[in-house]
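Residue numbers (our numbering), protein chains in the order written: chain A, 504 to 675; chain F, 436 to 1065.
Careful, some of the hints might be misleading.
What the hints assert, rightly or not - Distance condition first, Cα-Cα at most 16 Å in a straight line; then the derived EDC-like pairs of lysine to aspartate or glutamate: (1) F:Lys713 to F:Glu597; (2) F:Lys490 to A:Glu607; (3) F:Lys490 to A:Glu648; (4) F:Lys1049 to A:Glu607; (5) F:Lys1005 to F:Glu1063; (6) F:Lys1005 to A:Asp603; (7) F:Lys857 to F:Asp920; (8) F:Lys468 to F:Asp506; (9) F:Lys1005 to A:Glu607; (10) A:Lys604 to F:Asp904; (11) F:Lys942 to F:Asp996; (12) F:Lys1065 to F:Asp996; (13) F:Lys713 to A:Asp647; (14) F:Lys613 to F:Asp736; (15) A:Lys584 to A:Asp629; (16) A:Lys604 to A:Glu656; (17) F:Lys1049 to A:Asp603.
Hints were generated in silico from the structure; no laboratory data involved.
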Amino acid sequence: MEKKTVHAFNGTAEQEEQLKAVIREHHDQPGGLMPVLQGAQEIYGYLPYEVQSMIAEGLGISLSEVYGVATFYSQFSLTPKGENRISVCLGTACYVKGADKILEAIEQKLGIKSGECTEDGMFSLDSTRCVGACGLAPVMMVNDEVYGRMTPEKVDEVLAKYMNNDKAGEAQ
Amino acid sequence: MTIEQLNEIRESKRELVMVRKVIKEEGEKLAQKTGYRKQVLICGGTGCTSSGSHKVVDTLEASLKKHGLEDEILVVKTGCFGLCALGPIMIVYPEGCFYSQMTPEHVERIVEEHLRDGNVVKEYLYQETVHSDGSILSLNETNFYKKQMRVALRNCGVIDPEQIEEYIAVDGYQALAKAVTQMTGDEVIDEVLKSGLRGRGGGGFPTGKKWAFAKAAEGDIKYVCCNADEGDPGAFMDRSILEGDPHCVIEAMAIAGYSIGAQKGYVYVRAEYPIAVKRLQIAVDQAKEYGLLGEHIFGTDFSFDIEIRLGAGAFVCGEETALMTSIEGHRGEPRPRPPFPAVKGLFGKPTILNNVETNANIAQIILKGSEWYSSIGTEGSKGTKVFALGGKITNVGLVEIPMGTTLREIVEEIGGGIPNGKKFKAAQTGGPSGGCIPAEHIDTPIDYDSLIALGSMMGSGGLIILDEDTCMVDISKFYLDFTVDESCGKCTPCRIGTRRLIQLLEKITSGKGEPEDLEKIEELAMHMKSSSLCALGQSAPNPVLSTMRYFKDEYLAHINDKKCPAGVCKSLLHYEIIADKCKGCTLCARNCPAGAITGKVREAHVIDQNKCIKCGVCMQNCKFGAIEKK
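Could you put the whole structure together from the sequences, leaning on the hints where they help?
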């Protein structure tokens, strides 16, 4: 596989230790690759080339197999996410209640498209399928916080929480 | 754990839980015996948590402590009550008072006035439960609950899902005890077969038959899998069951394991459901601790263990062979069948796969018998079905109805009708694999067979209500967009077919459609249905075919008149300012994100159609109704 890393990899020794522990835990478990990838993504936030090759070596499987699985599932990301991860639910219940307009409003506000990250690394934007909060449709999420009954007007209000003072957003 | 010990736990906790099942006078008597004057149940499911129920719980607990009531009043965090749109929901027993849309401020008042002084705070109650003469209805008497029949959801919103003893109090694990000590594997399968239970994941295959095939298959090692990879966008039944009653799934899997001779089970659950995953893990750990999973269950030779595997966001993994490939740690691509999983499934061994809701019925069938179960429902579809009611409907939430209930009853009575005085247009069932039921078939009884006859399908239970503002071409495009995204790419008819299909739809919604496009869609759909490898590709054209069948005029309006009757497809509509009505207040011009509106103060404004991005902000802001969408 051609090495294609746009973002410089700066994993720490501590993260590597954590990853090795995850690999050890699932090494002998049938079908252990998925739980390892999930653990790795939790540790690093994404799955860069370097992490994938450590996993391949640790589990004794080929890098292409790791890459194949990592790229198959939408939850795994090969590029880093923003400090604040925004996702707009585009499940059916949200869609019929105008979730596409919410997504558009955010895209305009941040100047990025769905699937991208702002240049300063503050926000990444994704659309997601049904978070299961259909009673509150349309719904958007910032990190783990859910914002329901959204309107394009409310987008500014929500984003402002994370823009002015990042810490205030996290304390939510 | 012995059966005697199980019964002991049941008896010790029974009254505590029963207070929540019987109400008013009877409940009060029971409550006195439990040591708690009142019990406050708060929904801790995803819907209510998203509306802030955790903050409500924190405030409640702090406030009870402040007033010195923490020993008299029990706070129980339950799973979903079903009425997610009214969250956070809080119910106080023994009165059965139904408080909706709680905030921390409301809670302070309820603690002082109701929990301490005994006066119900009527203005915070769900409006429908307050009678005009001032009396209060219980939850079960509201329109939303009256027509429902709760079998799979029997414990959701009743017990604390993180306490195994509460599940045991409502006869939990009694079915497993009965199966392993009094029945043979064949007898269990026979009971499930006679109940008429069909798979609730969408296919509707008789569950007992599936078990019988796996039992008959040769092999020492067999597996029981549970499909909790609820992928249909807009469906959340399985999530609610896992969040509200995870033990019922574990018990059912153990019963299935006993019947076919399996020792190991896997639950494959969506990683997007963190609360469900957490509760399921707690439940598995507790079951192991109590000896209800593990070696020699109830002192017999039967041993069974369960492992939880997380999905990673791939819709195709809801397909049985793809799910198993994913558990094996590979790309979740489907395999050709035969061999069927009952013969050669997970790790090449005989495997049964049941959906969460199917499992939620099993313990009741074993305990109450197949005759009881098959007395509910219609000729070909027995029992109940849980639907996630969503979209343009007043009561968004989770409903469980006996098979054969009509769509009208669901929409008008349980669902409370369409909000904002709009007209019902269609109901969409089966998600990206299903189709729609138009208004003229609103009296159709809902069961497997009548939905197929209408060109839709039961699906896993998403029921999205569409009103007159929904464009049927756009909604098909929405589903196709989903399947294009989720097609795994293994077989050509699905990989390329879905893409070609959405291109045709995009052509139509952008105003470039030609009459022969409809024929092309039909021909392409036929090939996809007959030659795709798995159900994802075979059913991907369904949303298009079904809307073409009932709403052909809408397709033709897009193609021939270049109009979108519902006013949704942007390329086919434009905004105009009615000069006579415009006062020149400049509000629209100031709010237009594209700078497309010009005009002088107190003079009629004009929209530059070349610049307009058709976002509709001007129309929302105009105070004089001077902007029209055409």
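Each hint, compared with the structure:
1. F:Lys713 to F:Glu597: holds (9 Å)
2. F:Lys490 to A:Glu607: violated (31 Å)
3. F:Lys490 to A:Glu648: holds (13 Å)
4. F:Lys1049 to A:Glu607: Distance of about 12 Å is within 16 Å: holds.
5. F:Lys1005 to F:Glu1063: Roughly 14 Å between the alpha carbons, so the hint for F:Lys1005 and F:Glu1063 holds.
6. F:Lys1005 to A:Asp603: holds (12 Å)
7. F:Lys857 to F:Asp920: violated (32 Å)
8. F:Lys468 to F:Asp506: Given that 16 Å is the threshold and the Cα spacing comes to 14 Å, the pair holds.
9. F:Lys1005 to A:Glu607: holds (13 Å)
10. A:Lys604 to F:Asp904: Given pair A:Lys604, F:Asp904 holds - Cα atoms ~15 Å apart, limit 16 Å.
11. F:Lys942 to F:Asp996: holds (14 Å)
12. F:Lys1065 to F:Asp996: Roughly 13 Å separates the two Cα atoms, so the pair holds.
13. F:Lys713 to A:Asp647: holds (15 Å)
14. F:Lys613 to F:Asp736: holds (14 Å)
15. A:Lys584 to A:Asp629: holds (10 Å)
16. A:Lys604 to A:Glu656: holds (10 Å)
17. F:Lys1049 to A:Asp603: holds (13 Å)
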